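S.K.: The primary structure of each chain is shown beneath.
There are 4 protein chains.
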Amino acid sequence: MTLNLNHSPEVNELVQRTDTFIRDVVIKAEEATKSVLNGAKGEAVRFELQQAAKDAGVFAPHVGVEYGGKGLDMCARAPVFEAAGYSLLGPLALNIAAPDEGNMHMLERIASEEQQEKYLKPLAAGEIRSCFAMTEPAPGAGSDPGALRTTAEKVAGGWRINGRKWFITGADGAAYAICMARTSGEPGGRGGATMFLVDADNPGMSITRHIETLDETLYGGHCEIDFSNCEVPDSAVLGEVDRGFEYAQVRLGPARMTHCMRWLGIAKRAQDIALSRVNERQVFGSRLADLGMAQKMIADNEIDIAAARALILHACWELDQEIAGTSSVSIAKTFVAEAVWRVVDNSLQLCGSLGVSGDILLSRFLREVRPFRIYDGPSETHRWAIAKRAAKAARQGGES
Amino acid sequence: MTLNLNHSPEVNELVQRTDTFIRDVVIKAEEATKSVLNGAKGEAVRFELQQAAKDAGVFAPHVGVEYGGKGLDMCARAPVFEAAGYSLLGPLALNIAAPDEGNMHMLERIASEEQQEKYLKPLAAGEIRSCFAMTEPAPGAGSDPGALRTTAEKVAGGWRINGRKWFITGADGAAYAICMARTSGEPGGRGGATMFLVDADNPGMSITRHIETLDETLYGGHCEIDFSNCEVPDSAVLGEVDRGFEYAQVRLGPARMTHCMRWLGIAKRAQDIALSRVNERQVFGSRLADLGMAQKMIADNEIDIAAARALILHACWELDQEIAGTSSVSIAKTFVAEAVWRVVDNSLQLCGSLGVSGDILLSRFLREVRPFRIYDGPSETHRWAIAKRAAKAARQGGES
Amino acid sequence: MTLNLNHSPEVNELVQRTDTFIRDVVIKAEEATKSVLNGAKGEAVRFELQQAAKDAGVFAPHVGVEYGGKGLDMCARAPVFEAAGYSLLGPLALNIAAPDEGNMHMLERIASEEQQEKYLKPLAAGEIRSCFAMTEPAPGAGSDPGALRTTAEKVAGGWRINGRKWFITGADGAAYAICMARTSGEPGGRGGATMFLVDADNPGMSITRHIETLDETLYGGHCEIDFSNCEVPDSAVLGEVDRGFEYAQVRLGPARMTHCMRWLGIAKRAQDIALSRVNERQVFGSRLADLGMAQKMIADNEIDIAAARALILHACWELDQEIAGTSSVSIAKTFVAEAVWRVVDNSLQLCGSLGVSGDILLSRFLREVRPFRIYDGPSETHRWAIAKRAAKAARQGGES
Amino acid sequence: MTLNLNHSPEVNELVQRTDTFIRDVVIKAEEATKSVLNGAKGEAVRFELQQAAKDAGVFAPHVGVEYGGKGLDMCARAPVFEAAGYSLLGPLALNIAAPDEGNMHMLERIASEEQQEKYLKPLAAGEIRSCFAMTEPAPGAGSDPGALRTTAEKVAGGWRINGRKWFITGADGAAYAICMARTSGEPGGRGGATMFLVDADNPGMSITRHIETLDETLYGGHCEIDFSNCEVPDSAVLGEVDRGFEYAQVRLGPARMTHCMRWLGIAKRAQDIALSRVNERQVFGSRLADLGMAQKMIADNEIDIAAARALILHACWELDQEIAGTSSVSIAKTFVAEAVWRVVDNSLQLCGSLGVSGDILLSRFLREVRPFRIYDGPSETHRWAIAKRAAKAARQGGES
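Protein chains in written order, with our numbering: chain A, 97 to 496; chain B, 97 to 496; chain C, 97 to 496; chain D, 97 to 496.
The reader is advised that the hints may include incorrect statements.
Identical chains blur together in the list; that is why a pair holds if it fits in one copy or across any two.
[Claimed, not checked] Taking lysine to any residue pairs in the SDA-like style, the calculated list, with each CA pair at most 20 Å apart, reads:
| hint | residue 1 | residue 2 |
| --- | --- | --- |
| 1 | K150 | E312 |
| 2 | K484 | G381 |
| 3 | K217 | S331 |
| 4 | K488 | S382 |
| 5 | K124 | G493 |
| 6 | K214 | P235 |
| 7 | K150 | K217 |
| 8 | K488 | D386 |
In short, the hints are calculated from the structure, not lab data. From a predicted model like this one, the values you see are computed outputs, not experimental measurements.
Taking the hints into account, I'd like the entire structure generated from these sequences.
M.R.: Printed below as a string of structure tokens:
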């Protein structure tokens, strides 16, 4: 086998098709569905766009063929998800938006056949939505998963869950939640966690509020959820008892990278909006695109986009090859979250007053991408992990 | 006279009083008036807070005694406005918010006695609000004032104004606009501009829309205004015909600095919110305040705040001393706009998910301060002016 | 063909062998040859190290088999040259140091068979050294190659060269120079340039001085060279007349990337030195490696190194695939030059006073890498080219 | 007393005189004494320049009138030392170079009359030089003074000092050292330190080597010093026994600020060199000074210089007013050390290849200023102190 940085013709063709779909169908829908972009609920829009994506042959490319997809590995997802991410509505249209996409990824690997039939199949088809209930308000599970405080205690024939979760994206309207609860050990001491599939109509689970956030989710919100003596049967256990922390890793690494891919699409869009502006705008007798300070920002954006794309691909390669014990996912996540932020910020600056107005999308993008430096592990936590690994490798005489 | 970096006891006392007023009265009102903070109209809130400020003896300290103020010079305004800026509602309460504050500053210097009686007096008293109509959509007056396209042509007994303005802050509900229009020369060629006082009920002036923006103005909006054969009498001319560009400078330098002072107050508030958080929050077994990466952000904030404060004071000193031909205002404006942005961004990061939520004010602050890197001259325009001046001084063998 | 980010087993094996050679042989020689590291001439050291590299089977891997090498393409050179760059003496030992390496690259592609025999063969074998005489003092050829002022005028049976070159690396002791001279057109107007092979004993070519620089070249210096009625035969023309600018590109793109590879090796070394230090050093009761501000610097280094490596590989891929018209080389060059600088600077900071001392190599590295942000096109020139290309692509509706 | 940011006419006049002296006399000497600039010893040059400074009435302005100076307070030193710092030789000429200047400052405040007569008087007159022996190699006193390991044990009639110091600037040729040694407590536990005046001819004190460093000291070197049973009489105790840590603060705060002042002079010089270059140099058909990316660097330099100057003045004001418990010195030191570095780096970049050559002074400046981010407390230590103070103030409900 020789080194080859080209994607396969099939993947390239899918990227092209996705790109065309986004530009011809989804971006047009952005205008028509501005209220959706601005946070209103829009299940109808979702069904319509997803049908269009099915018609265009670009729907749910990440799941297996048996679920209507193309079984793309992580490397192949990179350019496809980036192309879809070019519109905030794109991932929704392709059914590759968070948290559903990450849930499908995990269910495909861990769920039993019965669970896949009931929970994965309709999710992959876009018939329902889901959510992932892990994060807790301080001092619970956040940057430090081991601080998990929600508990599940064994009862006859099942489990009883108690605890409070927050920032649960897409919870409102989700058909079920995947809830992570402590089944052994103490907060701070790691121990065992277990994942449970909790149906939305379970009376023990309730959404207590939508958290207002800087980003405007498409719909489903960032919710606070209360689990009060929430009883689930044994069949609700996803995978095995006490292996939840391990499964979370199965979900988190890939989910971090697909987040990066989608946000990279937004960065590319922001840069294209800015380029369009600097090519038109005249200031002080010059085209803005010909002024050095603008050129610096444009070039910095190009560099950031190229480096982000390269780091994502390399991390995906390691995920696909199941190379463990490296920092590539943390490196890519940290760099991409900050690079995307810089690109959107530069692009907005290049557009001046127009940039902060709602007349173009940049101020919306700025709001959407800021939290990514915090969600999925803040930059500081990833840097801490990267440094610890490097220092440890050096102590062991190994490569960092 | 000896060097003395202490403010006078009177000023220090006023700062203390303002600080107490903000913490005891205004911040309490923030909670009760959350809808105002979120952009709803709130003339009632304004009247109430301004009455409280009058009672506390901190109202309108910048205008002359004859207008109920304390006639503070720019240097004295610096700590007082910073203290008021600690709450987004503070400048409103003290009647030192943009654009009214800048308009008062200019009217006090340029308007005729009759104009002062009619336009300045009720404005200083908080009875009415005003707006300043200079900025135009591209390719009109923006970074480059000389691109001014709105025209005023002489008619019998007055002038006829035609043109379009946008990003006119506070226009909705303002009793009058100060409109800048070209009275000689061509766009791009400088020539002469004139300022006109246009009453809100003039049928030739109409607000065509509120521009949706990243920041949420308290009320009055960032508006687009249409001037269509808008006729005003000769008495509407502010100062002299064709001296508008010059007068704009009278307003702009100080207005840039008061903007900086107010935003510095927000930076200080953001840092205090973050400090409170890092002092409470435990992660990985340590107080967040004791972790090095958090300490770096905290210290960077302290440095940025100190440098911003020092640069504002030095620029104000030059304004008070009427030292012309220096870059101190551009230097302070550029540094402060970027420093405030960094401080708020760091503070938000220190608060993690909570920081992007509406539960605390940081994501609101982030939205409010971002445009300041563009409003009042984008950083790039100021840097261009600073560099040109430095290079020219070097060519002339002088000091940069 | 499928995407594959693994190098071939042969390349990986060569990287391993190179790595071992550098650590076991070359780094030991650093100590013994400190005077060489400090700039003294050391032809003897070169011969000795190159013999060792031949014995280790790692010598001149970039040239074709017929010249004793392995004919590595650009992608394969990336990890090998990085491994060699881990010591400042490494590239010398492998005969892949600038400017010889770039000259070999170009001669292998452009030179006639006779020229290859005479000029390439002994160069590839390490028997002689060479230099590349293109850069001129302002206002000549520098960032802007089209400003070329050195001229070659046709005379019977050959050419007469006149002009002045500077920053000609390795000129002192080189067996010949490849000199670029204008053969048509005017400075500023592009026109045609031609490359000439000029033997060191040509009486028309003389080294007028060694330019003292921040970096300390191993030997051969950064020289100023005078061409005064320097006559060369027609057979001295490299390739064809008037195609010099084009040939320069053949050399420059790859040469920029091999520079990046070698400096990335130094960045890796700097990080390893810092890691070793932070693992040992105790401050304020903690291991330095466990303090957050140190961890931030360590992690930033890891991120920079990973991104640099990825960007180099992607640019090399495009060079190997002869994909033209992209910015990948400029992007990689700009990012790597700045990233390497940041890594060395951070590493030095992590070592404190020791870092600025001559007791460890970091201050030497800092001096060596700083000029790379200027040599081979300053960052500003590359950013300008990147931005121009992106803006033009946007105008043409294409991809940036 | 009113706020007044103008220096007194006397100070302004002295600044003018210093400025003229530096430009007319000292900068001329730079050329003639290039070998001194390059690190060779040059006591003769010192005497000559100091005589010229005496003739110009600008010598030793910081010491009291009784020692031939003008008794400038810290605020007044700021512009004078900055003017002197415009040449690397300037502080030497005015006898305000480190470490002598800091030693004079401390001796004037702490030494007994006899000690002042013997140690301060000839030092202030420029007849002798001195050094300050505090820093120790790891794990001794460095960032953490409490780690002090050199000990002084009481013997009859005096003290016996044992320990090793390094990075002792100016030690070679100094008439005496002020040595800090532990007289009670244990390393890490603070306890008591004492300062001793140790004459150079004391047989127990020996210079073991000159440490090669990135910066090139004028002469006197950065030395390693060995104290081996070094006996000194009781009269060698500076101030009181066990109060050394406290005295070190007396020296350190002001010494940090005078360092900042001098390096700010170098930053100003670097910017002036760059401005001269960009005003002359043509690239791509424009004056370099008119290109946006160059203008950005120029403007950033102006901003950094202005902010550095303002922060120094504010910290000096607090020192003069003996306001304790603030972070102003740490804030100024951290910002200035990094700002000066950025200014020199930008200036060098603006000069391209010429910038890295020895033909102009910028690469020399780059080497000189880098260590200041480490000497006098690395940026990280200062940030740690700043953050700790801010967090503590917040916990106490106070102002940060």
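S.K.: Against this structure, judge whether each hint is valid.
M.R.: Consistency of the hints with the structure:
no.: 1; hint: K150 to E312; result: neither (26 Å within a copy, 39 Å between copies)
no.: 2; hint: K484 to G381; result: between (53 Å within a copy, 16 Å between copies)
no.: 3; hint: K217 to S331; result: within (17 Å within a copy, 74 Å between copies)
no.: 4; hint: K488 to S382; result: between (54 Å within a copy, 15 Å between copies)
no.: 5; hint: K124 to G493; result: between (56 Å within a copy, 17 Å between copies)
no.: 6; hint: K214 to P235; result: neither (34 Å within a copy, 58 Å between copies)
no.: 7; hint: K150 to K217; result: within (15 Å within a copy, 61 Å between copies)
no.: 8; hint: K488 to D386; result: between (48 Å within a copy, 11 Å between copies)
Against the hints set out earlier in the document, violations occur for numbers 1 and 6.
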